[in-house]
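Asks: Assemble the complex: chain Z is given as a structure, and chain D must be docked to it using the hints.
Protein chains: 2
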Amino acid sequence: MGKLAWKGGTLLAPVPAVMVSCGDMDNSNIITAAWCGIMCSDPPKTYVSIRPERHSYGIIKEKMELAINLTTEKLVNACDYCGIKSGRDADKFEKTHLTKEKGQVVSCPIIKESPLTLECKVIQIIPMGSHDVFICDIVATDVDDSLVDAKGKLHLDKAGLITYSHGTYYRLGKPLGNIGFSHAKKTKKKPGGKITNKPRRG
Amino acid sequence: MGKLAWKGGTLLAPVPAVMVSCGDMDNSNIITAAWCGIMCSDPPKTYVSIRPERHSYGIIKEKMELAINLTTEKLVNACDYCGIKSGRDADKFEKTHLTKEKGQVVSCPIIKESPLTLECKVIQIIPMGSHDVFICDIVATDVDDSLVDAKGKLHLDKAGLITYSHGTYYRLGKPLGNIGFSHAKKTKKKPGGKITNKPRRG
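As given, the protein sequences belong to chains Z and D, one line each in that order.
Going by the numbering used here, the letters in the first sequence line up with residues 3 to 204, in that order.
Going by the numbering used here, the letters in the second sequence line up with residues 3 to 204, in that order.
Here chain Z stands alone, though its shape is the one from the complex (with noise of 0.2 Å):
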């Protein structure tokens, strides 16, 4: 087993799948973006980057913004579809039967199937070669009530969400730990001498 030198290449997976939807309430359009992520926690901030040639690139440019929103193993084909079909051939909200509904801030429309949607205004382009970043404020969140529990705590493992890797869209897949259960594991020295890992209480 050795490692194989490749070239510089966007092989970093997986990524999201996300569609972003622009435009306003009359006029919309959904691109697929897998380079998309967060880049500020406060205030925070993400970013899609798009193809200038992109039917939605000229209309983002000119609203100055977008919606970006998660996408649900039920939502796999209109996201494929959304990736690989121009705006300017058809209406994607029409084709893939998604329903537009209102946000809070932003005059684009916001996907109703989609569990939770990132309302952003574009704050900065940066023109990088094949693509644009679109740096965002993500200034409101729509997030389906059926994932918020009585005490508001949302619960996003219920949404079905799904993520891009090399090609493929993929389920999620068996949770393997929340975010610091490396430390909760705590190292205990038995009086026999052996060693084992046992989770923290609380």
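What the hints contain is simulated information worked out from the structure, not anything from laboratory work.
C-beta: ideal position from N, C-alpha, C; glycine also.
Honestly, I wouldn't trust all of these hints.
Straight line, CA to CA, 27 Å or less: simulated DSS-like cross-link-like pairs of lysine-lysine [what the hints assert, rightly or not]:
1. Lys114(D) <-> Lys176(Z)
2. Lys9(D) <-> Lys114(Z)
3. Lys155(Z) <-> Lys9(D)
4. Lys114(Z) <-> Lys176(D)
5. Lys123(D) <-> Lys9(Z)
6. Lys176(Z) <-> Lys97(D)
7. Lys104(Z) <-> Lys5(D)
8. Lys155(Z) <-> Lys104(Z)
9. Lys65(D) <-> Lys5(Z)
10. Lys114(D) <-> Lys5(Z)
11. Lys63(D) <-> Lys9(Z)
12. Lys63(Z) <-> Lys102(Z)
13. Lys65(Z) <-> Lys9(D)
14. Lys160(D) <-> Lys5(Z)
15. Lys104(D) <-> Lys5(Z)
16. Lys5(D) <-> Lys102(Z)
17. Lys104(Z) <-> Lys9(D)
18. Lys63(Z) <-> Lys123(Z)
19. Lys123(D) <-> Lys5(Z)
20. Lys160(Z) <-> Lys5(D)
21. Lys153(D) <-> Lys9(Z)
22. Lys160(Z) <-> Lys176(D)
Calculated Cβ distances over 12 Å to all of chain Z for the following chain D residues [unchecked claim]:
23. Met27
24. His57
25. Lys65
Replies: Using the frame of chain Z, we list chain D on its own:
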């Protein structure tokens, strides 16, 4: 069922959970990052967002190099550990029993146990608030040879990659389709008039 109107937040999910190695072969550190993504396909560019108070921040700012190591189910414990412990208090390579390996281009170590590493040169640092964004050229890729077949095709699906969603690490689950699968379904009208979706050959 309806939408709850929340304020803006970093609820993009799922996102990568990568181990970022930095420094040099003698003095190195590993920091886990979920705020990471591809920014441009050609030339290949990526970013990692890091809080200025983190130990790796100063190292990366000085060297202007880092390596993004993909993480797997076998590495989930080390991945979590490197996200919650500071390199000021512990030698993370030693504590996690991970192996430093020389990269092709960058002087910082890559993690041998990672199936795929993106070697990166930082080209710009953008302060955003809690985090600074390190924008990078991906200058080389190191791929575990066990994932590449005789024809040179990468089988990243065999790596056991993990993803991170709302505080929990997950194994990738059931594959739901390859990019373009929705297009490959051909809508065909049967003589009886019923519309069926039939997968296209090839």
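Asks: The structure should be examined with respect to each hint, and the outcome stated for every one.
Replies: Going through the hints against the structure:
no.: 1; hint: Lys114(D) <-> Lys176(Z); result: holds, 25 Å
no.: 2; hint: Lys9(D) <-> Lys114(Z); result: holds, 17 Å
no.: 3; hint: Lys155(Z) <-> Lys9(D); result: holds, 14 Å
no.: 4; hint: Lys114(Z) <-> Lys176(D); result: holds, 25 Å
no.: 5; hint: Lys123(D) <-> Lys9(Z); result: holds, 13 Å
no.: 6; hint: Lys176(Z) <-> Lys97(D); result: holds, 26 Å
no.: 7; hint: Lys104(Z) <-> Lys5(D); result: holds, 10 Å
no.: 8; hint: Lys155(Z) <-> Lys104(Z); result: holds, 24 Å
no.: 9; hint: Lys65(D) <-> Lys5(Z); result: holds, 24 Å
no.: 10; hint: Lys114(D) <-> Lys5(Z); result: holds, 8 Å
no.: 11; hint: Lys63(D) <-> Lys9(Z); result: holds, 24 Å
no.: 12; hint: Lys63(Z) <-> Lys102(Z); result: holds, 21 Å
no.: 13; hint: Lys65(Z) <-> Lys9(D); result: holds, 21 Å
no.: 14; hint: Lys160(D) <-> Lys5(Z); result: holds, 15 Å
no.: 15; hint: Lys104(D) <-> Lys5(Z); result: holds, 10 Å
no.: 16; hint: Lys5(D) <-> Lys102(Z); result: holds, 13 Å
no.: 17; hint: Lys104(Z) <-> Lys9(D); result: holds, 15 Å
no.: 18; hint: Lys63(Z) <-> Lys123(Z); result: holds, 11 Å
no.: 19; hint: Lys123(D) <-> Lys5(Z); result: holds, 20 Å
no.: 20; hint: Lys160(Z) <-> Lys5(D); result: holds, 15 Å
no.: 21; hint: Lys153(D) <-> Lys9(Z); result: holds, 17 Å
no.: 22; hint: Lys160(Z) <-> Lys176(D); result: holds, 16 Å
no.: 23; hint: Met27; result: holds, 15 Å
no.: 24; hint: His57; result: holds, 17 Å
no.: 25; hint: Lys65; result: holds, 18 Å
Violated hints for the displayed structure: none, as all numbered hints are satisfied.
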